[in-house]
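A.B. asks: This is what each chain is made of:
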Amino acid sequence: MKSLQHPRRLSSAVALFGVCALLVTGCTRDTGTTGGGTEGGAAAASPGITDTTVSLGISSPLSGATAGPGTCSVAGLNSYLEAKNAAGGFAFGDGKTRQVTLTYLDDAYDPAKAVANFRQLVNQGMFAYVGALGTPTNAAVMPIANQQEVPQVLLMAGAGEFSADQAANPWTSGFVPTYSTEGAAFGKLLVDANQPITVATLAQNDDYGSGYLDGFTAAIEGSQVRVVDSATYEPTDTSVDGQVTQLAASGADVLLSAVSVTPLQVGVLTKAQSLGWKPRVFLPSNTSTPATVLQPGGAAAYPDVYTPAFAKTPASPAFANDPDVQEYTKAFEQYGTSITKTYTPHCAWSYAEGAVLGEAFATMEEPTRESFMTALRGISGFTAPLLLPGITIDTTKEDQAAVSSVNLVRYNGTGYEPVQGY
Amino acid sequence: MSYFVQLVVDGLATGSVYGALALAIVLVNRSTGMINFSQGALAVLSTFVAYAVVQAGAPLLLGLLVAVAFAVVLGAFVERVVVRRFEGGDANTAVVATIGLLVLVSGIAGAIWSYDPRPFPSLFPNATLGLGGVFVSVRSIGTTVVIVAVMVLLQLLFRFTKLGLAMRAVADNPSSAALSGLPVSRLLMIGWGIAAGLGAVAGVLVAPQLFISPTMLDFTLVYALAAAILGGLDSPLGAVVAGWFIGVVENLAGAYVDVIGNDLKIAVPFAAMIVILALRPQGLFGRRTVVRV
Numbered sequence: 000m001k002s003l004q005h006p007r008r009l010s011s012a013v014a015l016f017g018v019c020a021l022l023v024t025g026c027t028r029d030t031g032t033t034g035g036g037t038e039g040g041a042a043a044a045s046p047g048i049t050d051t052t053v054s055l056g057i058s059s060p061l062s063g064a065t066a067g068p069g070t071c072s073v074a075g076l077n078s079y080l081e082a083k084n085a086a087g088g089f090a091f092g093d094g095k096t097r098q099v100t101l102t103y104l105d106d107a108y109d110p111a112k113a114v115a116n117f118r119q120l121v122n123q124g125m126f127a128y129v130g131a132l133g134t135p136t137n138a139a140v141m142p143i144a145n146q147q148e149v150p151q152v153l154l155m156a157g158a159g160e161f162s163a164d165q166a167a168n169p170w171t172s173g174f175v176p177t178y179s180t181e182g183a184a185f186g187k188l189l190v191d192a193n194q195p196i197t198v199a200t201l202a203q204n205d206d207y208g209s210g211y212l213d214g215f216t217a218a219i220e221g222s223q224v225r226v227v228d229s230a231t232y233e234p235t236d237t238s239v240d241g242q243v244t245q246l247a248a249s250g251a252d253v254l255l256s257a258v259s260v261t262p263l264q265v266g267v268l269t270k271a272q273s274l275g276w277k278p279r280v281f282l283p284s285n286t287s288t289p290a291t292v293l294q295p296g297g298a299a300a301y302p303d304v305y306t307p308a309f310a311k312t313p314a315s316p317a318f319a320n321d322p323d324v325q326e327y328t329k330a331f332e333q334y335g336t337s338i339t340k341t342y343t344p345h346c347a348w349s350y351a352e353g354a355v356l357g358e359a360f361a362t363m364e365e366p367t368r369e370s371f372m373t374a375l376r377g378i379s380g381f382t383a384p385l386l387l388p389g390i391t392i393d394t395t396k397e398d399q400a401a402v403s404s405v406n407l408v409r410y411n412g413t414g415y416e417p418v419q420g421y
Numbered sequence: 000m001s002y003f004v005q006l007v008v009d010g011l012a013t014g015s016v017y018g019a020l021a022l023a024i025v026l027v028n029r030s031t032g033m034i035n036f037s038q039g040a041l042a043v044l045s046t047f048v049a050y051a052v053v054q055a056g057a058p059l060l061l062g063l064l065v066a067v068a069f070a071v072v073l074g075a076f077v078e079r080v081v082v083r084r085f086e087g088g089d090a091n092t093a094v095v096a097t098i099g100l101l102v103l104v105s106g107i108a109g110a111i112w113s114y115d116p117r118p119f120p121s122l123f124p125n126a127t128l129g130l131g132g133v134f135v136s137v138r139s140i141g142t143t144v145v146i147v148a149v150m151v152l153l154q155l156l157f158r159f160t161k162l163g164l165a166m167r168a169v170a171d172n173p174s175s176a177a178l179s180g181l182p183v184s185r186l187l188m189i190g191w192g193i194a195a196g197l198g199a200v201a202g203v204l205v206a207p208q209l210f211i212s213p214t215m216l217d218f219t220l221v222y223a224l225a226a227a228i229l230g231g232l233d234s235p236l237g238a239v240v241a242g243w244f245i246g247v248v249e250n251l252a253g254a255y256v257d258v259i260g261n262d263l264k265i266a267v268p269f270a271a272m273i274v275i276l277a278l279r280p281q282g283l284f285g286r287r288t289v290v291r292v
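Respectively, the protein sequence lines represent chains U and V. First residue of the first sequence: 0, per numbering that gives the first Met the number 0; consecutive thereafter. First residue of the second sequence: 0, per numbering that gives the first Met the number 0; consecutive thereafter.
Any given hint could be a false lead.
What follows is a list of derived Cβ distance ranges for each label pair [to be verified]:
#1 U/T413 with V/I111: 54 to 62 Å
#2 V/K161 with U/T413: 33 to 41 Å
#3 U/Q223 with V/I140: 52 to 60 Å
#4 V/I111 with U/E326: 31 to 39 Å
#5 V/P120 with U/G414: 17 to 25 Å
#6 U/N204 with V/L164: 42 to 50 Å
No lab work stands behind these hints, which were simulated from the structure alone. Beta carbons are placed, not taken as given, at the ideal position from N, Cα and C, and that holds for glycine.
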């Protein structure tokens, strides 16, 4: 009988597991002791901050399908921090000047790995966890960060949950506008047109899609704008042609396409026009890149394609002479290009996020996490580099991310330009 | 009416994508008796070769040929070096080994080309034909035609050629085949090689729609496996018909049955699959295995 061999295999498996466990715990303890000197300064300095240094940590997808945005979330931030370090360091509200170190780990968009990375960073003496990308990964870290009272701030995730309930999660804050902010901005554009408009919606069947729909629905309430048909899809679908065919039958004036998967968004643009349906189209900020979505999808065929934006596009010729962009490019070439190979908007966003951190440091009166959070939650009207004109950082709003407004821009066949109304 | 036909046409187009990969799975099964989970990953790696050739400035058709040649060698190599060690042993072990290959090959493609989805040129023009209110893209027609042609060729290969007969014999009973003087190991290599080559064709056909990335076929593989099993693991015709069935049924169910909607629509063909397999365990077009007692 085969089963006779099992006890032996089982015991060796247990032994192997034991060895692994010992190795892992051993390693953790080793690294645990290298972290956070708390010498000097005020009596109760938090871990990870000294009179001359403060250590920040981030876990983002550096490999796997989300590696592009993940590496950019680190690269832009690192560029800002290192450039500022090289220029002397960050001035803090307690009168000291500190160098900032950033430790970044790869979670491959896996929530379990993100949690492990977060614990490792805390063990290594991290002062604050900043700018991590990914909704599921940050959602997994959030309860632990709040229980351990470690700041988990300026997250590169648009889900409302990171900004919605500050009383329940006082140690967590979002950076990029929530999906619902983006949806609401589009709803407002249609309402302002002050005429009857029919809308069809296509949304990803999760928080991402429902965030857009919630914001949009709330904005159009009581107006002449009407949603006449809606469809959903799963991010794992290989095609949304069926959904687009269904929506095209409604003949709506406008299509709100809350699709986060690049090939599927291209499929939406291709399919709708092939059916002879050419509505005005609204695209979310993360699937509206001209080179990868609009050109392959033939977006020029539509009367208008709108998308929300809050930061300048460094590569755009329109901003070639912009001082912010020039400074960014200089820093990024030196400190960012070794981390990421591709450009996504997250590179610019996380650079701006670095400046927000600097602003919080400047008003933080004690070297503690509590003081940092108070300073971070008290910023308003701050013009961070790379933000579009009219957009400012405001961390004082109860249910909003640090960037709580967006401008809508319109595709002009090559790039984006400001919108002059519907 | 044209709405209904449009949904069916869309479903057929999606189903052709499932069918393309399902054909390669059937081919490996028909010639080696195994299910190869790494089929999609091998296809993606080969498609990346075509991508590299096109990036270098060559026409796509040349890229396709290079990719197919690369895939045939790659498939044969993988069979010779990795899979051979598991043949004749526990079938489950071999399946797990192919899953390991899936992860490894995807990782290699990711290391070289990164994970960002990139646009891929199509063999067919990006045009649409309108026929009586129904629109169908030239790409979909092209994909479908190529897949039907490949399916017919495979049927002919297995039914009417000596090579096909020999491959079937090896898959059916390797030891008897060896005793009758068939070069079993070479035939297994050939089977894997042809299957990988077919995978490359499928990859190049679907990459314009899915965008090329190492994970391009991960979810397609699930549907393709379902199509292969539903159609009968040894039937090329069955794989394609079942692929279409899945594509069409999910579209119709999603559009016409409100309770199901878009969220549950994919469950419908799979539920149908369970019913069909309960009644016909060998699949729609598969041959029943008879064992003499």
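A.B. asks: Would you mind marking each hint as holding or not holding in the structure?
C.D. replies: Outcome of the hint check:
For the hinted restraint 54 to 62 Å between U/T413 and V/I111, the CB-CB distance of approximately 31 Å leaves it violated. For the hinted restraint 33 to 41 Å between V/K161 and U/T413, the CB-CB distance of approximately 59 Å leaves it violated. For the pair U/Q223 and V/I140, the beta carbons lie near 42 Å from each other, so the given range of 52 to 60 Å is not met. Look at V/I111 against U/E326: about 34 Å separates their beta carbons, and that is inside 31 to 39 Å.
A beta carbon spacing of about 23 Å between V/P120 and U/G414 agrees with the range 17 to 25 Å that was offered as a hint. Separation of U/N204 from V/L164 is about 48 Å and conforms to the stated range, judged on CB atoms against 42 to 50 Å.
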